[in-house]
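If you want the building blocks of each chain, they are given just below.
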Amino acid sequence: MSAPPVALTRPRLQLSGIAKAYPGVVANDRIDLCVMPGEIHAVLGENGAGKSTLMKIIYGVVKPDAGTIRWDGELVTIANPGDARALGIGMVFQHFSLFESLTVGDNIALALDASEAKHGLDARISEVSARYGLAVEPRRRVHSLSAGERQRVEIVRCLLQKPRLLIMDEPTSVLTPQAVDKLFETLRRLKSEGCSILYISHKLDEIRALCERATVLRSGRVSGTCDPRTESPSSLARMMTGADLPHPRHRQTSQRGDGALLVKRLSLKADDPFGTDLVDVELAVRSGQIVGIAGVSGNGQTELLAALSGERPVDDPAAIELNGVAAGRLDAAQRRALGLAFVPEERLGRGAVPEMSLVENALLTAHRQGMTHRGFVRLDAARAYARAVIGQFQVKAAGAYAAARSLSGGNLQKFIVGREVLQGPRVLIAAQPTWGVDIGASALIRQALIDLRDEGVAVLVVSEELEELFEVCDAIAVIARGRLSPPKPTHETNVEEVGLLMSRPFGAEPRTGNAHAEPIDAP
Amino acid sequence: MRLRLEARPQPSRSMAWLSPLLAILATIVVGFLLFSSLGRNPSQALYVFFVKPVETLYGIGELLLKASPLMLCAIGLAAGYRANVWNIGAEGQLTLGAICGGGVALALEGVGTGAVLLPLMLVAGAVGGMAWAAIPAWLRNRCNANEILVSLMLVYVATLLLSLLVQGPWRDPEGFNFPQSRMFADAALLPVLLPGTRLNFGLVIALAAVALGWIFVRRSLTGFQMRVAGLAPAAANYAGISMQRTVWLGMLIGGAAAGIAGVGEAAGPIGQLLPSMSPGYGFAAIIVAFVGRLHPFGILLASLLMSLLYLGGESAQIGLALPSAVTGLFQGALLFFLLAADVLVNFRLRIVRDSSIAGAAHAAKAGI
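Top line first, the protein sequences correspond to chains A and B.
Position 387, counted from 1, in the first sequence is what the working numbering calls 1759; the numbers after and before it change by one each time, with no gaps.
Position 122, counted from 1, in the second sequence is what the working numbering calls 124; the numbers after and before it change by one each time, with no gaps.
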């Protein structure tokens, strides 16, 4: 490691006693954090532990109620992101802030001062991208980029401002394993040049591979600091949650019934101009089996799920077969009547109506469970069902009449999964079942999927988290550019193979020239 | 020192009740200022506007008489509005209802249909209103045509159609060439409820609609599904709730209710077909629906208030020699203040000192 010219004893960033309270919740409670020059420092914690608030305070988006911030030893006030950038703080957000219809160059120019933006920007972009191995093309429009490419644009945009501290918020959630390796190379290179990095994540393996120090947050407080390289995943998890990392119980099942969900040569043109067309998708999920679909988001998952759930019926009735019935043209309600249940990716606004109570949200999809009588709602039955879901899936809510939007993301997801599972489906489709859900809730949801499989239900899980797929699935297929690879038994494949398929789609002709005209990730 | 609006963590329940009262208060204050600036004694004018019309039994009968079509139309419209189906054409559907119901009355005159005649007229009116509402519904589902514009434009078509009929084929041969139909026979008139007033059976129909509306919204699965379609279209699609069916139902319920209201006017206070069957009940019902927050009970109260504004306007014209525009002005002021006061349900007013304004400005900028 080449020593940066700044004295190593003085921290680049030092927070002491940072506190921030919102009505009803203390997001940050007397937090101390110290980042040295050239250090990759992990901030670790479950959802709601206060990581995002802390980063927003550092970046000047949120003003702390109390506490001090020192930058290179000097006391500073960061009143807005402009102040943060002037100090040399750059941030790459978890949800990208790029304009889809503009080019990469325009998007970068928008973030710079007017004088900087004019002169030789393209050349500077090329220089930075060559130096850090971040391939971007200034002329391309953002809508044609994959998530990984978009992230590179965001990073390049930050690096052009020559940051001395880079904040990365959950950067790997949208990347293939190979793209993660590539990102880590870039981050290590930045570190060797003396740039400090604050790396926010809940993925323990990555933190152990990349970071030399970690500050762990639990319910708004620092629950410990450590060197993650010397810790085990379970000791880190214990610091995060205060409990041991749960492991799902697998029960071996022998009986496998006939195909419950069959997809035959499904091709579908995307409704969204920036969507992905499906090409000849073939899939069979049999009862008593969990099949996983891996892939980087934007490769056709949205379109495939809409076609399977019936939200977007397809022209060919035989393209989708549910329990032996040609279901391509049936709508979502008719498919549910055939025994389909579906956990969508978006919870508020799709899986649940935010303004409505949990009782009414139970009614939304589970009204076939004896909750109606001659077209009238039996409120007692709906209430009993909602209470059963709350009880069995440990949903933390102010009762069955709490509004869906008053629940935390993880608890709402537990409610939605529970609502679908208790309907006794024959086929269950779950999209990103544990995205943004804390470790405890994730474990419960995964266990529910496994239990369902053991009862002979056909389960399809679409996820961007490979760890999750390898944990619960019997077979894994990969979707890339709207094509689906044949599912392979989980014990016959591995993360590397799946990662390669994510970037080199199954059945696609090898391309040479315009290989990145569609959203995939080059490894 | 400055006032600032702050988002409340939860919508305020007390404000939900208080905000209509605040709006009424503000409307009265505006009336006070308005009447003073017109050179009238404001308290006297407010008395003429709001109290005098309902001092007598006859006055109360008039209040309920005018409230009935407003209630009926607003209940029908609210069913659609809750599902984001924007039927603006209740006035036209009301006119078609009057044409169809009145047409039945004129055609069957002297045939001796007896007690079936009125139910027949009401059914014909409902069908007429539904047919008129079906046009925007079909165009919306089929061609994605905006139902706001289509239903609004059809109001003018309906008015012209009625005008054509009463000036042409349906004109009273003994009517001195006035553009109006013959007077309906007694069997074709709604029975009067209170002797000495014009209040008729239409009020019973309107109150029944309020009760049915409440049951539909709160107890039926379809009503629930229509609410879902209005609150979260993606959730409705996810649960397999058909948007096309929602549009059909939302428009047809509104059309049927307005059509029945049209029969109520023709077979009630008017007793024949005239070139104009309503002083804008179909449009005022939109205000009633929102003032009542789309809730059946709220609509009941709001229709009484709106009816009082109509009566007050007439009373002010007679007693104070004010122009008829004063009615529209009060309606407008009330709606304006209601919408403004509704902000307080989700926000609260805070007095902030100047020092923290800088902080607020920073926070606003920080939204990058």
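A hint or two may mislead.
What the hints assert, rightly or not - What follows is a set of in silico ranges between Cβ atoms, one per label pair, in the way DEER data are often shown:
1) B/Leu341 to A/Gln1764: 38 to 48 Å
2) A/Arg1746 to B/Pro175: 26 to 36 Å
3) B/Arg4 to A/Ala1458: 21 to 31 Å
Claimed, not checked - Chain B residues, not near chain A, derived (Cβ > 10 Å throughout):
4) Cys145
5) Gly170
6) Ala241
These aren't lab readings, by the way, just hints derived from the structure by calculation.
Glycine residues also receive a C-beta, built at the ideal position from the N, C-alpha and C atoms.
Comparing the hints with the structure gives:
1. B/Leu341 to A/Gln1764: 38 to 48 Å: 44 Å Cβ-Cβ, so the 38 to 48 Å window holds.
2. A/Arg1746 to B/Pro175: 26 to 36 Å: With a Cβ separation near 52 Å, A/Arg1746 and B/Pro175 fall outside 26 to 36 Å, so the hint is violated.
3. B/Arg4 to A/Ala1458: 21 to 31 Å: 29 Å, holds
4. Cys145: 18 Å, holds
5. Gly170: 44 Å, holds
6. Ala241: Violated, since 5 Å does not exceed 10 Å.
The structure fails to meet hints 2 and 6 from the earlier list, while all remaining hints are met.
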